[in-house]
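Peer 1: Each chain is listed here by its residues.
Number of protein chains: 2
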Amino acid sequence: MSLIVTGTIGIDTVHTPTAKAEEVLGGSCTYFAAAASFFTQVRLVAAAGEDFRGDYQAVFKKFPNVDVDGLEVRKGSKTFRWGGKYLDDMNQRETLFTELGVLGEKPPTPPAKYRDSRFVFLANSHPSVQLDLLQSFPQRVIAVADTMNLWIESTRAELTKLLGKIDGLVVNDEEARMLTGKRNPFTAGRAILDMGPSFVVVKKGEHGCVLVHRQGLAALPAYPCEKVIDPTGAGDSFAGGMMGHLAASHTKDGRIDLPAIQQALAHGTVIASFTIESFSLDRLASLTKAEVAKRYNEFQSVVKV
Amino acid sequence: MSLIVTGTIGIDTVHTPTAKAEEVLGGSCTYFAAAASFFTQVRLVAAAGEDFRGDYQAVFKKFPNVDVDGLEVRKGSKTFRWGGKYLDDMNQRETLFTELGVLGEKPPTPPAKYRDSRFVFLANSHPSVQLDLLQSFPQRVIAVADTMNLWIESTRAELTKLLGKIDGLVVNDEEARMLTGKRNPFTAGRAILDMGPSFVVVKKGEHGCVLVHRQGLAALPAYPCEKVIDPTGAGDSFAGGMMGHLAASHTKDGRIDLPAIQQALAHGTVIASFTIESFSLDRLASLTKAEVAKRYNEFQSVVKV
Numbered sequence: 002m003s004l005i006v007t008g009t010i011g012i013d014t015v016h017t018p019t020a021k022a023e024e025v026l027g028g029s030c031t032y033f034a035a036a037a038s039f040f041t042q043v044r045l046v047a048a049a050g051e052d053f054r055g056d057y058q059a060v061f062k063k064f065p066n067v068d069v070d071g072l073e074v075r076k077g078s079k080t081f082r083w084g085g086k087y088l089d090d091m092n093q094r095e096t097l098f099t100e101l102g103v104l105g106e107k108p109p110t111p112p113a114k115y116r117d118s119r120f121v122f123l124a125n126s127h128p129s130v131q132l133d134l135l136q137s138f139p140q141r142v143i144a145v146a147d148t149m150n151l152w153i154e155s156t157r158a159e160l161t162k163l164l165g166k167i168d169g170l171v172v173n174d175e176e177a178r179m180l181t182g183k184r185n186p187f188t189a190g191r192a193i194l195d196m197g198p199s200f201v202v203v204k205k206g207e208h209g210c211v212l213v214h215r216q217g218l219a220a221l222p223a224y225p226c227e228k229v230i231d232p233t234g235a236g237d238s239f240a241g242g243m244m245g246h247l248a249a250s251h252t253k254d255g256r257i258d259l260p261a262i263q264q265a266l267a268h269g270t271v272i273a274s275f276t277i278e279s280f281s282l283d284r285l286a287s288l289t290k291a292e293v294a295k296r297y298n299e300f301q302s303v304v305k306v
Numbered sequence: 002m003s004l005i006v007t008g009t010i011g012i013d014t015v016h017t018p019t020a021k022a023e024e025v026l027g028g029s030c031t032y033f034a035a036a037a038s039f040f041t042q043v044r045l046v047a048a049a050g051e052d053f054r055g056d057y058q059a060v061f062k063k064f065p066n067v068d069v070d071g072l073e074v075r076k077g078s079k080t081f082r083w084g085g086k087y088l089d090d091m092n093q094r095e096t097l098f099t100e101l102g103v104l105g106e107k108p109p110t111p112p113a114k115y116r117d118s119r120f121v122f123l124a125n126s127h128p129s130v131q132l133d134l135l136q137s138f139p140q141r142v143i144a145v146a147d148t149m150n151l152w153i154e155s156t157r158a159e160l161t162k163l164l165g166k167i168d169g170l171v172v173n174d175e176e177a178r179m180l181t182g183k184r185n186p187f188t189a190g191r192a193i194l195d196m197g198p199s200f201v202v203v204k205k206g207e208h209g210c211v212l213v214h215r216q217g218l219a220a221l222p223a224y225p226c227e228k229v230i231d232p233t234g235a236g237d238s239f240a241g242g243m244m245g246h247l248a249a250s251h252t253k254d255g256r257i258d259l260p261a262i263q264q265a266l267a268h269g270t271v272i273a274s275f276t277i278e279s280f281s282l283d284r285l286a287s288l289t290k291a292e293v294a295k296r297y298n299e300f301q302s303v304v305k306v
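Residue numbers (the working numbering), protein chains in the order written: chain S, 2 to 306; chain G, 2 to 306.
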């Protein structure tokens with residue numbers, strides 16, 4: 002089932018307590034698409050600048066399931082750049098700089114051939130841009146969005162409108178709290194269901210995730226990771242793995258119900274656990290489907306009730 | 002299989018953001034024993050003062066599986082009292098006062114008839130007291146202990162000696178970090194295994210728990226609780242449910258391996274989720290085995306990989 006992601010391409014500079022990566026490939030839809038590609042074909046809609054060199058583009062070639070025809074490389078523009086620094090415990094980070102570049106220009110236009118996309122993920126962006134993009138996929142079966150504190154605080158009306166039109170929302174615990182004023186992720190999730198979506202996934206980083214769905218609740222711990230090199234992209238990889246698995250399993254049996262999403266969350270968790278083992282997409286680029294299956298089996302042994 | 006717990010009886014005064022309970026029954030071995038009693042018979046060794054009135058003692062009658070012959074009520078002594086206040090998010094608390102009472106006197110002596118106890122849980126106490134008590138149970142199959150920041154900081158040598166003699170340790174994430182200097186609970190758990198135990202359970206409160214066992218790892222989220230009245234005793238109830246289930250299942254099939262402990266953790270999680278629905282032992286006192294079984298089934302649906 003055709004999966005599409007709209008979001009950002011970024012050039013990231015990341016400092017961790019023990020290492021540094023300069024000007025490496027990043028961005029929400031990059032991590033999402035790479036992660037999803039282990040389960041299904043995925044289309045990508047994003048914009049980059051003319052500084053988006055061949056070696057960045059070459060990374061996508063390592064993920065043959067990612068269709069980059071929707072990647073606009075704009076002459077005279079600059080790619081979005083982000084610099085961040087992780088603190089000692091790797092659970093907190095500071096933004097060192099952001100250079101909006103193409104993100105300050107008009108949003109990318111999805112190619113006409115993508116109109117038939119059925120599974121839609123709107124990675125974090127201005128809610129009005131997300132709303133516009135949503136209209137580009139009239140045959141969608143399911144639309145899921147991410148958002149962030151900036152939009153929750155500054156564009157509440159547009160975000161509320163978006164929430165009325167999507168099926169699922171993926172946020173972290175802090176965003177869920179900001180959006181609803183509720184600290185408990187289940188209570189916050191229920192409050193978000195009242196705003197429109199049928200399900201909400203609340204990401205809790207090293208503490209896993211919870212799902213609040215009209216049909217019931219789910220909760221998962223994170224995969225036990227002791228070797229964390231760089232957490233950047235974990236959340237987007239998680240969402241990509243989740244949506245990729247959901248799209249792939251839907252092709253088989255047509256389900257997007259609570260149990261199908263639970264299974265998808267477990268696969269998102271597994272993919273995210275690989276992402277954080279390296280800077281940028283290095284680990285995902287060398288990852289095999291056999292390794293994903295092996296770790297999923299391990300995760301099943303680790304999480305037994 | 003006979004289970005015994007040594008620990009404290011307390012008279013607690015608890016303030017939460019919305020309510021208050023004054024001079025209610027508490028203490029580590031109280032919560033532990035009540036929780037364990039849903040799975041097996043449990044013996045209790047603890048001391049109280051002559052202010053430990055009949056209405057406190059009557060609470061134990063609601064748990065017919067708890068054998069209180071090891072409860073010493075001492076004339077002229079006062080029961081341990083604790084006052085605490087939970088902050089707005091209920092995950093942090095301040096101690097308002099502690100009155101040691103009998104905890105400042107000699108430890109209780111286990112009745113001779115308890116010498117044949119096979120499953121031993123040493124709730125938080127001075128490690129020298131825990132070591133002494135351990136010697137009282139020469140036929141033990143498994144000994145598990147709890148500890149706290151005070152002992153980690155002030156009685157390291159005695160604690161190290163204890164760790165060399167027990168099979169399992171149950172601590173919270175902060176204690177695991179303090180004991181090992183490692184922030185990651187799995188890394189901390191491995192470091193604790195090097196000190197002697199075969200397994201370590203790291204409790205993470207609302208984020209569930211992890212298990213580091215010589216045979217492998219496990220992780221569980223907490224049961225989804227939205228109605229938290231008072232978190233006091235959650236950790237002790239968790240340990241009680243875990244040890245109670247382990248002792249009960251061992252009677253059936255003789256196992257105390259990784260899968261048996263995983264199953265026990267899930268049942269500890271379920272019991273703890275009831276404890277926090279009320280002050281003191283109120284919810285546990287009205288709890289039925291059928292409710293425990295129902296919630297365990299719900300937990301299985303919530304946590305699916």
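Calculated from the structure, these hints are not laboratory results.
Don't take each hint at face value.
Any copy will do: because identical chains look the same in the list, a pair fits if it lies in one copy or spans two.
Listed next, the in silico DSS-like pairs over lysine-lysine satisfying Cα-Cα at most 30 Å (straight line) [as the list claims (entries may be wrong)]: (1) LYS63 - LYS107; (2) LYS305 - LYS205; (3) LYS21 - LYS166; (4) LYS21 - LYS183; (5) LYS305 - LYS228; (6) LYS295 - LYS62; (7) LYS205 - LYS228; (8) LYS86 - LYS205; (9) LYS183 - LYS228; (10) LYS205 - LYS183.
All of these numbers come straight from a predicted model, not from anything done at the bench.
Peer 1: Reference check for the pair LYS205 and LYS228, CA-CA at most 30 Å: within, between, both, or neither?
Peer 2: both (18 Å within a copy, 20 Å between copies)
Peer 1: With 30 Å as the alpha-carbon cut-off, assign the pair LYS63 and LYS107 to within, between, both or neither.
Peer 2: Within one copy only: 29 Å inside a chain, 69 Å across chains, cut-off 30 Å.
Peer 1: At most 30 Å between C-alpha atoms: does LYS295 with LYS62 qualify within a copy, between copies, both, or neither?
Peer 2: within (24 Å within a copy, 50 Å between copies)
Peer 1: Checking an output row: LYS21 and LYS183, CA cutoff 30 Å. Within, between, both or neither?
Peer 2: Between copies, since 22 Å is at most 30 Å while 36 Å is not.
Peer 1: If the cutoff is 30 Å on CA atoms, where do LYS205 and LYS183 land: within, between, both or neither? Let me know, please.
Peer 2: Answer is both; intra-copy 15 Å and inter-copy 20 Å each pass.
Peer 1: Can you give me the call for LYS183 and LYS228, within, between, both or neither, at a CA distance of at most 30 Å?
Peer 2: between (32 Å within a copy, 13 Å between copies)
Peer 1: Measure nothing new, just compare the shortest in-copy and cross-copy C-alpha distances for LYS21 and LYS166 to 30 Å and report within, between, both or neither.
Peer 2: For LYS21 and LYS166, neither the intra-copy (40 Å) nor the inter-copy (44 Å) Cα distance is at most 30 Å.
Peer 1: How do LYS305 and LYS228 come out at 30 Å by Cα distance, when the copy is not named: within, between, both, or neither?
Peer 2: both (23 Å within a copy, 25 Å between copies)
Peer 1: I want to check one pair: LYS305 and LYS205. Are their C-alpha atoms no more than 30 Å apart within a copy, between two copies, both, or neither?
Peer 2: both (20 Å within a copy, 17 Å between copies)
Peer 1: When no copy is specified for LYS86 and LYS205, does a C-alpha distance of 30 Å or less occur within a copy, between copies, both, or neither?
Peer 2: both (19 Å within a copy, 26 Å between copies)
Hint 3 from the earlier list is the only one contradicted by this structure; the remaining hints agree with it.
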